[in-house]
Amino acid sequence: MEKLKKALPVLALLLVVVVFTVSLFGGEVKTSTASGFAMGSPVNVTVYDTKNGEDYCNQAIERIKYIDDNFLSHTFTSSATYKLNNGGTVKSEWLAEYLNKCFDLIHQSESNRFTLFSGEFKDLWKIEDGGYIPTSDELAKVLENHENSLIAIDEDNNEISIGTGKLDLGALGKGTACDEALETLKKQNVKNALVTVGGTVGMIGSPDGKSDFSIGVRNPFGNQNDYFAVLSITDCFVSTSGDYEKYFERDGVRYSHIFDATTGKPVQNDISSVTVVAENGMLSDFLSTVIYAEGIEKGVKIAEDFDASVVIVNKDKSVLISEELKNKFTLKDDSFSVSVIE
Amino acid sequence: MKKLITKKDFVLVIIVLVVSLAGLILVNSADKGKTATIKVDGEVVETLSLNEDTLVEFNGVVVTCENGEIYVKESTCTDKVCMRSGEISKSGEGIICAPNRVSIEIDGKNTDLPDAMTG
Amino acid sequence: MRNEKIKRITFTALMTAFAVVLSFVESLLPTAYFMPPGSKIGLSNIPVMFSASKLSAHETMLIVVAKSVFVFITRGATAFFMSLAGGFLSAVCMLIMLRKTTGFGFVGIGVLSAICHNIGQLAVSFFLVQSSAIIGYAPIMLITAVITGFLTGTVLRLTMPYFSRLFSFKEMGK
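Chains as they are written, first to last, in the numbering used here: chain Y, 1 to 342; chain C, 343 to 461; chain A, 462 to 635.
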């Protein structure tokens, strides 16, 4: 018993050391993730090496849901898009500014195939509903509506109204969501983060403090998890538009969800998918859709005008990549042939 | 008769606790994994990506992946230890169902799966 | 002499019954919230420990096997092998620790035999699933062993005098 008493202080000290180590490691900076569903897609937010990372992730997801619920969703009856499509008017500084940005992008790209009003095309072709090939009369009527699909924004009180035609901000929604999520995280001083909304990815910093993020580029001919190449990049946004996302097939022809506003028909060209790396998510989303719609020649020129890099996969498995991506692109599937855009 | 507790016992308890706490810290400070390997009888039968919400079943063990975490939702075994093991997500963590000879382990960082997918 | 033998057989049977009943009762109790899933206090180790100190090695092993057979009937083959391997290892540990002067008290013996019990179970699990996922269970099992070992050791120390008074006969292996 005497010996035990002598040993007690030593043991107590040992316990203190143990408790101290536990508390030290317990509060350690860690990688946190959160996921949700918005913009019709799964959303994932990962924050690396930050305390309270879980809270920040959830804040970012909340922000995305806020944007989706209130502005961009065309299914939620509470959203501005839904109200506008059903003859209502909307007063919102955020949306007014956002739409102006959209128009600036379209204007700068000089594309007439891209449209924010693809809603009626989608409904007509029933892309997500089994598919339907419309008659030329039906097509003409929808195209006429589209012609008159003006949007009016009152600069004084941010009141927005639209003409005929249906607004569909889905093409830019995922990128916008990534932008908003990363803005939210940056405000919390988060330095390393990865946000994915469907196939659009936004990232800052590094996953391990050293290397860039590795982003798999989906194989357009494989299933959902197949990637044919990996991009090692950071501090940028990546989007991909492809003919495999939503489509239906009739008599061997694939009709996919991206429309040519000049014809009112799904885009038909040699491209299978377009991946764009750009400085913000709205831009990368916009460019991937525009380049897909415009085709290779004009598409490559648009990418250069916007200082963005591209990975274009053709239906014959030939791949074109921008010069800037040469050292950041690793091919993982040898059945593709890669060439760098001069 | 022997004593209830001796100094040696005390030292033993402390050593065991320190070793196990160190082990716990090691497991808990690991980063979240990207993939999980499911084995039956030691043979790999499936590799799951933690980024995807999925449900798979092997040998009567229903494995569910949600929000980057994996847990056993249902099992035909008698003790249900696997079901009560909770969610795992960190590299090196695992769940076993010995009666059904199924194991699930979160893989370490060395998998060359990309951080995210575009498309 | 004959009387002595009957006494021993009766005692072995009684301890077996004790072990089986305690193991059954324990399987009905829910796991305490602070304990890892599936962990048991190991109350049935108390009669085994008592046997290890009062009876011979083969009589102790008989109890372990009998208990495992009961586990086989109620909980299946996997639980049987785990119970057998764990029971065997912990019984060996108890037999050595209780008979030799090692400086360990009842708590220490309880903890060590609980650890041995867990090692036996983990070994069987490892053999069955052949996966390193088992290693993740080790730290939590060690902590569990400390708690359960402390409990069983203490209970044994407190009940030992009464058991001894009930059954006094020539101790083996001393």
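Since the hints were made in silico from the structure, they are not lab data.
By construction, the Cβ of each residue, glycine as well, lies at the ideal position given by its N, Cα and C atoms.
Do not take every clue at face value.
Unchecked claim - Just the calculated beta-carbon pair ranges, DEER-fashion: (1) S517/A with I357/C: 42 to 50 angstroms; (2) G384/C with I534/A: 25 to 33 angstroms; (3) K466/A with K415/C: 52 to 60 angstroms; (4) N370/C with K91/Y: 37 to 45 angstroms; (5) I357/C with A474/A: 37 to 45 angstroms; (6) D123/Y with V387/C: 43 to 51 angstroms; (7) I596/A with D208/Y: 22 to 30 angstroms; (8) E429/C with E487/A: 42 to 50 angstroms; (9) I357/C with L619/A: 20 to 28 angstroms; (10) S593/A with E183/Y: 37 to 45 angstroms; (11) S335/Y with T418/C: 21 to 29 angstroms; (12) L475/A with T418/C: 53 to 61 angstroms.
Item checked: Hints that the structure is at odds with (numbers, increasing) -> Checked against the structure, the hints that fail are numbers 1, 4, 8, 11 and 12, while the rest are satisfied.
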